[in-house]
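*Asks:* Each protein sequence line maps, in turn, to chains A and B.
Here our numbering is used: the first residue of the first sequence is 1, the next is one more, and so on.
Here our numbering is used: the first residue of the second sequence is 257, the next is one more, and so on.
A couple of the hints might just be wrong.
Claimed, not checked - Heads up, simulated DMTMM-like pairs for lysine to aspartate or glutamate below, C-alpha to C-alpha not over 25 Å straight-line:
1) K322(B) - E48(A)
2) K322(B) - E368(B)
3) K66(A) - D156(A)
4) K322(B) - D332(B)
5) K66(A) - E146(A)
6) K66(A) - E304(B)
7) K66(A) - E123(A)
8) K66(A) - D169(A)
9) K322(B) - D10(A)
10) K66(A) - E152(A)
11) K66(A) - D266(B)
12) K322(B) - E438(B)
Hints were generated in silico from the structure; no laboratory data involved.
It should be emphasised that the depicted structure is a prediction, and the values quoted were computed from it without experimental measurement.
Number of protein chains: 2
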Amino acid sequence: MTAPEGGHLDPASWHAPVVGVIGGLGPAATAVFLDVLVRATDARSDQEHLDLLVSQHSSTPDRTAKILDTDGTAADPGPVIAADARMLERAGVDLLVLPCNTAHHFVRGVHESTSVPFLSIVEVTAAAAARAVEGTGRPVAVFATEGNVHAEVFQDALRDVGAEACVPDRALQDRINTIIYEQVKANRPVDRELFEGCVDEALAAGAGTVVLGCTELSVVYDQQGFRGDPRMIDSLTELARHTITAACRPLAPAFA
Amino acid sequence: MTAPEGGHLDPASWHAPVVGVIGGLGPAATAVFLDVLVRATDARSDQEHLDLLVSQHSSTPDRTAKILDTDGTAADPGPVIAADARMLERAGVDLLVLPCNTAHHFVRGVHESTSVPFLSIVEVTAAAAARAVEGTGRPVAVFATEGNVHAEVFQDALRDVGAEACVPDRALQDRINTIIYEQVKANRPVDRELFEGCVDEALAAGAGTVVLGCTELSVVYDQQGFRGDPRMIDSLTELARHTITAACRPLAPAFA
Chain A
1 MTAPEGGHLD PASWHAPVVG VIGGLGPAAT AVFLDVLVRA TDARSDQEHL DLLVSQHSST
61 PDRTAKILDT DGTAADPGPV IAADARMLER AGVDLLVLPC NTAHHFVRGV HESTSVPFLS
121 IVEVTAAAAA RAVEGTGRPV AVFATEGNVH AEVFQDALRD VGAEACVPDR ALQDRINTII
181 YEQVKANRPV DRELFEGCVD EALAAGAGTV VLGCTELSVV YDQQGFRGDP RMIDSLTELA
241 RHTITAACRP LAPAFA
Chain B
257 MTAPEGGHLD PASWHAPVVG VIGGLGPAAT AVFLDVLVRA TDARSDQEHL DLLVSQHSST
317 PDRTAKILDT DGTAADPGPV IAADARMLER AGVDLLVLPC NTAHHFVRGV HESTSVPFLS
377 IVEVTAAAAA RAVEGTGRPV AVFATEGNVH AEVFQDALRD VGAEACVPDR ALQDRINTII
437 YEQVKANRPV DRELFEGCVD EALAAGAGTV VLGCTELSVV YDQQGFRGDP RMIDSLTELA
497 RHTITAACRP LAPAFA
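Take these sequences, add in the hints, and give me the full structure.
*Replies:* This is the structure in structure tokens:
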């Protein structure tokens with residue numbers, strides 16, 4: 001075997017398949033993703049857990065700012081995300097994941113510049129939501145960033161799996177924005193009741209389930225005691241579950 | 257600028273200094289470390305957080321098993337840790353950290369094979385503990401893995417900063433081992449009272465403070481509500497604080 005060059009992983013000591021995480025979008029969500037991966041893997045020692053290479057690239061330009069950009073001045077996260085994906089592929093990862101829903105608007109660049117499999121948080125979450133509302137005739141409420149909703153990331157993915165999306169009205173979206181930007185991303189205390197009120201309002205308006213389609217909302221779900229709550233489908237949890245399965249590891253009972 | 261090759265970070269889009277995290281030792285502790293870094297940075301948006309490249313190398317051979325190895329059969333984590341450090345350096349990181357205390361027994365290989373600065377969790381924690389007992393005449397209780405205690409990792413570091421170490425007796429060490437191996441590393445519920453009882457026993461026996469010198473105990477400290485508890489000095493928190501300062505970012509008020 002030749003010595004690894006550049007930033008390559010040494011194939012002799014890394015347990016394949018190695019998962020590459022395009023992270024930092026945002027950084028809190030990536031930390032929670034790694035923690036959920038540990039808790040969701042049925043392992044009895046460190047060595048039974050997944051091997052991952054993680055780019056915690058916090059300074060990646062804001063995704064929503066670019067999607068909503070009207071005068072062409074916002075920095076473009078697309079090339080940065082694609083470059084990180086190529087970096088991880090060249091380092092030797094076998095699978096790529098991106099624990100950020102809004103960034104999926106920019107994944108074409110990842111697909112065009114890498115050849116390792118890419119596991120989509122949006123696709124696995126839309127599939128889980130479609131199963132949750134199957135036969136009910138009810139739509140799926142999409143709680144996401146303004147950019148995600150504007151770019152119709154989840155609306156398209158739900159349509160692809162035969163489910164109908166409903167998006168929050170202005171007042172509800174404003175409250176979701178407050179939780180995402182003024183609380184989680186701003187490192188401030190989260191208003192648990194504000195979050196739960198948003199979920200209940202969407203269900204009362206007719207939704208069959210609520211998709212937490214923004215990893216900052218996944219942080220609230222995880223840290224404020226909503227894990228397992230039947231009212232919602234959490235995108236970060238769905239990605240963790242599918243990542244572990246794709247890496248050929250068993251799921252812990254609470255996540256199976 | 258030439259295009260980045262291998263697994264190199266694109267210097268145009270990464271915010272220097274980039275921190276390289278030799279992680280996965282164990283994986284839960286690395287996830288908590290990333291989470292504490294986010295909470296301990298005084299930031300108001302994603303982009304103000306640190307940029308990091310993280311090797312979550314869970315399959316790295318067990319550190320304590322190698323230190324306590326009597327018949328030469330245990331796999332050696334030293335070359336794996338050194339190879340990961342080289343990989344991160346070649347990828348372009350500016351600073352290396354290793355969020356695992358026991359692994360510091362093996363860091364000579366990191367020092368010998370890399371030239372970027374290395375921030376030691378053991379040194380920063382020993383310094384904080386020495387300040388905590390200064391003028392009291394009391395020793396510092398070291399709660400760590402069997403391997404860490406056997407290799408005298410913290411005893412040496414405390415001596416270097418003029419403090420005296422005391423290590424648990426057999427019965428107390430057995431209970432600490434239970435928390436580390438049968439609870440945190442085994443992905444099982446943590447016995448909060450068992451943990452707190454260990455701390456109180458060490459203080460009642462004369463220690464001036466307790467160093468949580470194992471990142472699995474840092475997970476307990478973080479997740480069971482001990483943050484800020486004046487009875488203990490947490491190694492992962494000390495490393496996070498010094499990493500943020502070394503990366504020239506401001507500390508959040510609760511961590512300053």
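*Asks:* Work down the list of hints and note, for each, if the structure agrees.
*Replies:* Now for the hints, and whether the structure bears them out:
1. Taking the CA atoms of K322(B) and E48(A), the gap is near 18 Å; set against the 25 Å cutoff, the hint holds.
2. As the CA atoms of K322(B) and E368(B) are separated by approximately 20 Å, the hinted pair is consistent with the 25 Å bound.
3. Restraint check: the Cα-Cα separation between K66(A) and D156(A) comes to about 19 Å, which is no more than 25 Å; the hinted pair holds.
4. Distance check on the hinted pair: K322(B) and D332(B) sit about 6 Å apart at the alpha-carbon level, within 25 Å; holds.
5. At most 25 Å may separate the alpha-carbon atoms for a hinted pair to count; K66(A) and E146(A) meet this at roughly 11 Å.
6. Among the hinted pairs, K66(A) with E304(B) is consistent with the structure: their alpha-carbon atoms are about 18 Å apart, no more than 25 Å.
7. Distance restraint check for K66(A) and E123(A): the Cα-Cα separation of roughly 22 Å lies within the 25 Å cut-off, and the hinted pair is therefore satisfied.
8. Distance check on the hinted pair: K66(A) and D169(A) sit about 22 Å apart at the alpha-carbon level, within 25 Å; holds.
9. Under the criterion of a C-alpha separation no larger than 25 Å, the hint pairing K322(B) with D10(A) is consistent with the structure, at around 21 Å.
10. About 14 Å separates the Cα atoms of K66(A) and E152(A), which keeps this hinted pair within 25 Å; it holds.
11. About 21 Å separates the Cα atoms of K66(A) and D266(B), which keeps this hinted pair within 25 Å; it holds.
12. Between the alpha carbons of K322(B) and E438(B) the distance comes to roughly 19 Å, so the proposed pair stays at or under 25 Å and holds.
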